[in-house]
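A.B. asks: Hints given; two lone chains; assemble the complex.
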Amino acid sequence: AQKVTQAQTEISVVEKEDVTLDCVYETRDTTYYLFWYKQPPSGELVFLIRRNSFDEQNEISGRYSWNFQKSTSSFNFTITASQVVDSAVYFCALSEGFSGGYNKLIFGAGTRLAVHP
Amino acid sequence: GAGVSQSPSNKVTEKGKDVELRCDPISGHTALYWYRQRLGQGLEFLIYFQGNSAPDKSGLPSDRFSAERTGESVSTLTIQRTQQEDSAVYLCASRDRASTDTQYFGPGTRLTVL
Numbered sequence: 001a002q003k004v005t006q007a008q009t010e011i012s013v014v015e016k017e018d019v020t021l022d023c024v025y026e027t028r029d030t031t032y033y034l035f036w037y038k039q040p041p042s043g044e045l046v047f048l049i050r051r052n053s054f055d056e057q058n059e060i061s062g063r064y065s066w067n068f069q070k071s072t073s074s075f076n077f078t079i080t081a082s083q084v085v086d087s088a089v090y091f092c093a094l095s096e097g098f099s100g101g102y103n104k105l106i107f108g109a110g111t112r113l114a115v116h117p
Numbered sequence: 001g002a003g004v005s006q007s008p009s010n011k012v013t014e015k016g017k018d019v020e021l022r023c024d025p026i027s028g029h030t031a032l033y034w035y036r037q038r039l040g041q042g043l044e045f046l047i048y049f050q051g052n053s054a055p056d057k058s059g060l061p062s063d064r065f066s067a068e069r070t071g072e073s074v075s076t077l078t079i080q081r082t083q084q085e086d087s088a089v090y091l092c093a094s095r096d097r098a099s100t101d102t103q104y105f106g107p108g109t110r111l112t113v114l
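Order-wise, the sequence lines are chains A and B.
The opening position of the first sequence corresponds to residue 1 in this note's numbering, with each subsequent residue numbered one higher.
The opening position of the second sequence corresponds to residue 1 in this note's numbering, with each subsequent residue numbered one higher.
If we strip away everything but chain B, and leave its shape as in the complex, we get (with noise of 0.2 Å):
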């Protein structure tokens, strides 16, 4: 079936500007995440979803970091007054709790703040 997607692929913006992307995950999967990969690290966790709500956002950066999940499904990470720092891949991830403690992750949204 159809894996995680998400979108745009690549967006580059101005510093200051606002983003958001946005995350498809599989469908059926209750947990979704998000983190961030910096160029040449491993990843950090952002955000976690199970349904609608978020029990843990204790990985967003700053309150300019914000994420919302509508309908169990698609999820927006928005990035308000962006900084250069916030460039690096955003990847979102989602799971079936039910059956498996595996996630599974979509292609990514590289993220430049020029």
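Chain A on its own, in the form it takes in the complex (with noise of 0.2 Å):
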């Protein structure tokens, strides 16, 4: 079965420290895609990033750093030199490729991130 988990339920930080939020997956399929998304106060859900698993290259944006190892079924999400804007709720989510085609998101429960000044 699908799964996706992050252990990791609050992380509160310091302004400026780097802090990595982790995301374990299980899935029985070869091709998948694995998602981060952002979700502020403000509640919209905002697309980060998209990995699909023929891609383990590692992926920079700026502050963001994603890594991605199917050995250890896992997609880690790295906030470098954090801001106070970054305080949100990340959730991890994992699609199967071609399961029936219909590409619906599992989503884990979330990590919710508190950056004080």
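Don't take every hint at face value.
[Claimed, not checked] Below are the SDA-like pairs computed for lysine to any residue, each with C-alpha atoms no more than 25 Å apart in a straight line:
1) B:Lys57 with A:Gln2
2) A:Lys70 with A:Gly43
3) B:Lys17 with B:Leu114
4) A:Lys38 with B:Ser5
5) A:Lys3 with B:Pro55
6) B:Lys11 with A:Ser12
7) A:Lys70 with B:Thr102
8) A:Lys38 with B:Gly3
9) A:Lys38 with B:Leu39
Derived from the structure by calculation, the hints contain no laboratory data.
C.D. replies: Written out as structure tokens, the structure is:
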């Protein structure tokens, strides 16, 4: 069965600290996609990144970076030099690429990040 | 361009009443999804539309929940005889199946059943 686990319920850091949000997934498919979404206090889900299962290259976008390791079924997200505006709930999600072609997302429970000045 | 929109943004209703929640997807997006987010929790999949048909309704929690989509555009999620446990934020997402697998979400409708 598909499952996404975000073991960290809440993380609290001081501004400028680096922080890593963990995501571990389970799937029987060989083709799948992994996502990270940000949900700020306003509530709207903001897409951050999509990764397909064939591309294990890590990605960096500004202060954000993602580490995808198929061997450990993990897709971790690091924010470098965190800022107060990074405070939000972050969700990791899994979609199986060709299982019925529906691509419904299976979400983790989310990690609430609080960045303090 | 315009994103996914949902209405109303907030809905308060009494137990036992019916409610309708609306989703306007991004223009041209053929795939549409409904999710539910209970307070402090992750999102649960409810139903998926491809065009106007719903090949996956597996997440609908009971027969009080139904959804339809018309004109390959607007979708309505209807909850009949609402119960307090239906209180949640209902989120809609759309995806352009032809070019990307990314779902883009609307702002959600916060439903409170008293």
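A.B. asks: Are the Cα positions of Lys70 (chain A) and Gly43 (chain A) separated by 25 Å at most?
C.D. replies: 31 Å, violated
A.B. asks: Holds or violated: are the alpha carbons of Lys38 (chain A) and Gly3 (chain B) at most 25 Å from each other?
C.D. replies: Holds, at about 16 Å.
A.B. asks: Taken at face value, is the distance from the CA of Ser5 (chain B) to the CA of Lys38 (chain A) at most 25 Å?
C.D. replies: 18 Å, holds
A.B. asks: For the pair we were handed, Lys70 (chain A) and Thr102 (chain B), check the Cα-Cα distance against 25 Å.
C.D. replies: Within the cut-off at roughly 20 Å; holds.
A.B. asks: Would the hint linking Lys38 (chain A) and Leu39 (chain B) be met if the CA-CA limit is 25 Å?
C.D. replies: With a Cα-Cα distance of about 16 Å, the restraint between Lys38 (chain A) and Leu39 (chain B) holds, given a limit of 25 Å.
A.B. asks: Do the alpha carbons of Lys57 (chain B) and Gln2 (chain A) lie within 25 Å of each other, as the hint requires?
C.D. replies: 17 Å, holds
A.B. asks: Are the Cα positions of Lys17 (chain B) and Leu114 (chain B) separated by 25 Å at most?
C.D. replies: 10 Å, holds
A.B. asks: Sort out whether Ser12 (chain A) lies within 25 Å of Lys11 (chain B), counting only the CA atoms.
C.D. replies: At roughly 33 Å apart (the allowed maximum being 25 Å), Ser12 (chain A) and Lys11 (chain B) break the hint.
A.B. asks: Measure nothing beyond the straight line between the CA atoms of Lys3 (chain A) and Pro55 (chain B); if it is 25 Å or shorter, mark the hint as holding.
C.D. replies: Between Lys3 (chain A) and Pro55 (chain B) the Cα gap is close to 21 Å, so the pair holds against 25 Å.
The structure shown violates the earlier hints numbered 2 and 6.
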